[in-house]
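Read top to bottom, the protein sequences are chains W and P.
Heads up: the first sequence begins at 13 in this note's numbering, then just goes up one per residue.
Heads up: the second sequence begins at 3 in this note's numbering, then just goes up one per residue.
Just so you know, the hints here were simulated from the structure itself, not pulled from any lab data.
Don't take every hint at face value.
[Unchecked claim] Covered by chain W, per the in silico footprint, the following chain P stretches (three or more residues, Cβ under 8 Å):
1. 29-37
2. 53-64
[Claimed, not checked] To give an idea of the interface, some chain W residues facing chain P are shown, with a C-beta separation under 10 Å as derived from the structure:
3. 42
4. 58
5. 60
6. 61
7. 62
8. 66
9. 68
10. 71
11. 72
12. 85
13. 89
The beta carbon of each residue, even a glycine, is placed where N, CA and C say it ideally should be.
In case you want the letters, here they are:
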Amino acid sequence: MSPEKLDLLQGTLDLMVLQTLTVMGSLHGYGIARRIEQVSGNEVLLNQGTIYASLVRLEQREWIASRWGTSDNNRKAKFYSITAAGRRQLTADARYWERLKDVMQRVMTMDKSAEGGADA
Amino acid sequence: MSWLWRFLGRVWAFVRRRPFDAELDAELAAHLEMAIEDNLAHGLPAAEARRLALVSIGGMEQARYRHREARGFMNIDILMQDLKFTVRTLWRDPSFTTVAVLILALAIGANIAVFSVVNMLLLRPLPFSNAQQLVWIAPPPTKCGLSCATYSTDAYDQFRVMSRSYQDVTGYFAFSSADNLSLSLGGPPITATSIDVIQNFFQVLGVRAQMGRVFTPEDARNGAAPVVLLTHAWWKRQFNGDPNIVGKAFDMNGQQTTVIGVLPASFDFGAVFAPGTKVDAITPLNLYGPPRDWGNIITFIGRLKPGVALAQAREEGARIAPHLCWNFKYPQTCGDYKNAVVPVPLKDYISGKLQRSLVVLWAAVGAILLIACVNLSNLLLARASARSKEFAMRGALGASRGRIVRQLLTESLVLSSAGAVFGLMLAAVLVSWLAHQGAIALPLLSTLHIDAAALGWTVLIAVFAAVVFGLVPGLRIASGNLQESLKDAGPGASASRKHERIRSILVVSEVALACMLLVGAGLLLRSFINVLNVDLGFQPDRAAAIKVKYDDSVPGDKNGDLSAAKRGVIFQQILARVGSLPGVEGAGMVDYLPLGQNRAWGTPVPKGRNRNDFKDLAGPLVYVISPGYIRAMGTRLRGRDFTWDDGPKSEQVVLINESMARFFWPNEDAVGKILGNGVDDKNNLRVAGVVEDVHEENVDGEAGWQIYYSMTQATPSGAELVIRTGLPPGSLATSVLTTLRELNPQQPTAEFKPIRLLVNHAVSGRQFFMLLVVSFATLGLLLAALGIYGVISYSVTRQTQEIGIRMALGASAGIVRRQVLAGTLRLAIIGVVLGAAASIAGARLIASLLFETSPWDAMTYISMAIALLAVAGISGYIPAFRASHINPTVALRAN
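Just chain W, with the same shape it has in the complex (with noise of 0.2 Å):
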């Protein structure tokens, strides 16, 4: 655990978990977060355990289903999946993290020349 590594934002871990279920399908806890971390090239701080916080979280607002099954390697694990209502919020966020990158994108790059278009 190098201190490089990123804190994850408030609430960016339910997104992710949205989106990795959109792309995988059916998955395990584990499975998540191996996942993530994997696509985030282990950039991301991520204490595995946490994932389960906002898993329960999301399936209380009914944006995913859990059911037991088995594994791979035939282990019984709890796999969940994406609903409906999980695909739209999964759209909406992702629409509203486009846009904060965008703001946050041109505030990180504004220089002095952008001050005389204050009213623009």
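With the hints as your guide, set chain P onto chain W.
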């Protein structure tokens, strides 16, 4: 909608937290296995594979905690933990818990009881439907008693027709006396009290019969068959709750009277209109029968139309009043009611006068609650310093400040809830006892009970108390420096010294509050003693009265002279027989006893003067008496008493009281003077004697004018036999009743009332408040003493070592004792000074409740201060005594 769903999900998750936890554990276990397998697949050794897997999960316990937090009601989880912990700690310290809960129970119980009384009198609507529409219509108060507070039948008819503000107006006959109904069921007649009401009385109040029906206009017509409504209580008591009573007829006052209904238990005439008395039966008042010409006899009660404001009704009353006639037969009486028709909300009429007393009472129990809170704060502080290491340890282990304060507040809440539960039981006992004190002249008292509002109030004050007494110690502890607390091993450390200062402030405020309570109670007590010492104008002790039944009717008697003569014979015989009973020192008859009902007949003026010169005088109250009554009552008399020779044919004589005599003949002796009607030479009355002023309406007011007529020259409205005796009055009850029965077999079994009871009844409201405030003050004093004792003995314990050193260096036991006592008294004196200052400033609040006592009465202040200091001294002496017996060697070795 979705939030509701989510909320329910959270509730579900909370309720089923065990399966949820189990499922999570299974998931985490699977997670761990999979992680280990992956690590093994990467070629790591088994131990390292497991270690890395655990590291990547980042703490199982943390994962569980987060999971719980996410799925909901983490707070409840914490609360449950805190509760469990609290109950365990409190259980381990039973003496602390008992004392704390007891203090709180007393304080909260007193608060609930007083709230119930306040609720009954001020907050709750009267027990009638849409009670806010009901108004009491009466003239402004005057000195001529009930006769000036009532209206005539003609005025009633007129007012009912002319007014537009009311749905309807009703009233009742204001002059019926207690025990006016005699019920014959075969044996000796049973007496009861009935009251005549106008037939629409129950419709206007919105009261329905529980069984049968209420009155209709037909019941009050001339020639109507006699009917009666029974109150619920009398129906239960006298008729054993007979379910088939409606339609049955009984001999009441010699007439077969049909029971047409039973009133609901919630209707209590006495509680509303005549506090401290009971009414058993209600009969219809025939407005067109004999009462037609009886003058002012009816009280008015109106029900305003919806949307009509009180101001409108008042304005209308003022407009109609000059048109109302006392009696149509005498046109000059039209206009007599000018300015005398003023509606006030019925509730104000019934309980308005008590408002100030209730505020004082409320303030007193509020002070009790504060004192209790201060005490609890003190106890908790002492406990907290004993536990400071525990909290420091928890802080060091990572508990946040908020979490610790929260734990402490939970503890306070548990304590105050336990106190509230016991307090509620205490209040329930007190309230049900009070509700059955029929002799206290407090309106609505029989309706006193603990209702939902009182329960809500209980919760409110319990939470308030918990926050007040829990917050100071809580913040104190939480703000403590961890290291300091962990190191603070004993005496002399700075944190403890700070605690000591807080404790001193608490004691001072406690003493100040107790001082205010004591001063208030002292002033009320002194007022009450002054009231009891009022010269009433009669001697209430060793005298008693009993209602006498007689029949003075003479067929064909045109002007009442024959009746008067017959009455004279009957009464003379009764008085002769009763007067000769052993133990009887004097006997006489009166129609209205003092401090009860009264009436006025207009104002006679000195002969030769014009009545127009005395237009605005309130008429004297009229009493019709027999010879011997004045002496039997113990009233001083100048001139002569009536004799049996003052008959219908002889000169009309009267007795008047000092105030009236002084007004008409300021510089002369009134005895022998003549009063006339102020118009012509008729109705002359010779003043045979002047009697001292009698308190006829209340004990703590001023006496008005009184005039006494002889029973053989004027018509009494009944007869009360008054007996003066050297024996306890109760011992004569049987012999007097037997004598009366021998003379008249129709004499019912009436109550033999000591005159003292009349006085007690008249001061019972004042006594009630005085007793409550005094007991609260005693409670406050007790709590303050407890607080002082606790603090001083705690500080002595803490200073054991210091005292030991001083004694080893030569301080004597006496010096040590004196020093501890001096410390105690210093706190007490500061408290007393502050409390006295606050009392002086706030005395105005209580001033209107006092009687011939200044709100700044020096004697009360001084005696209360001395009492408080004495109690403080005693509470401080016990620890001081203990301190002086410290053995230096033992004390020094202790650390």
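Hints, verified against the model:
For the segment 29-37 of chain P, the assignment as covered by chain W holds, since 7 residues bring a beta-carbon within under 8 Å of that chain's beta-carbons and 3 suffice. Restraint check on the segment 53-64 of chain P versus chain W: 7 residues with Cβ-Cβ distances below 8 Å, three needed, restraint holds. Taking 10 Å as the C-beta contact cut-off toward chain P, the hint placing residue 42 of chain W at the interface holds, the least distance being around 4 Å. Given hint, residue 58 of chain W at the interface with chain P, holds; its Cβ is 8 Å from that chain's nearest Cβ, closer than 10 Å.
Contact between residue 60 of chain W and chain P, as hinted, is supported at the beta carbon level, the nearest pair being about 5 Å apart and thus within 10 Å. Because the closest C-beta pair between residue 61 of chain W and chain P is about 3 Å apart, less than 10 Å, the hint holds. Given hint, residue 62 of chain W at the interface with chain P, holds; its Cβ is 5 Å from that chain's nearest Cβ, closer than 10 Å. With a cut of 10 Å, the hint placing residue 66 of chain W at the interface with chain P holds, because the nearest CB-to-CB distance is about 7 Å.
Using the Cβ-Cβ criterion of 10 Å, the hint placing residue 68 of chain W at the interface with chain P is satisfied: the shortest such distance is roughly 5 Å. Proximity of residue 71 of chain W to chain P holds as hinted, the smallest CB-CB distance being about 9 Å (cut-off 10 Å). Restraint check, residue 72 of chain W versus chain P: the minimum CB separation of about 4 Å is within 10 Å; hint holds. Given the 10 Å rule on beta carbons, the hint for residue 85 of chain W holds: about 7 Å separates it from the nearest Cβ of chain P.
Interface restraint check: residue 89 of chain W against chain P, minimum CB-CB distance 5 Å, threshold 10 Å, status holds.
The structure meets every hint from the earlier list without exception.
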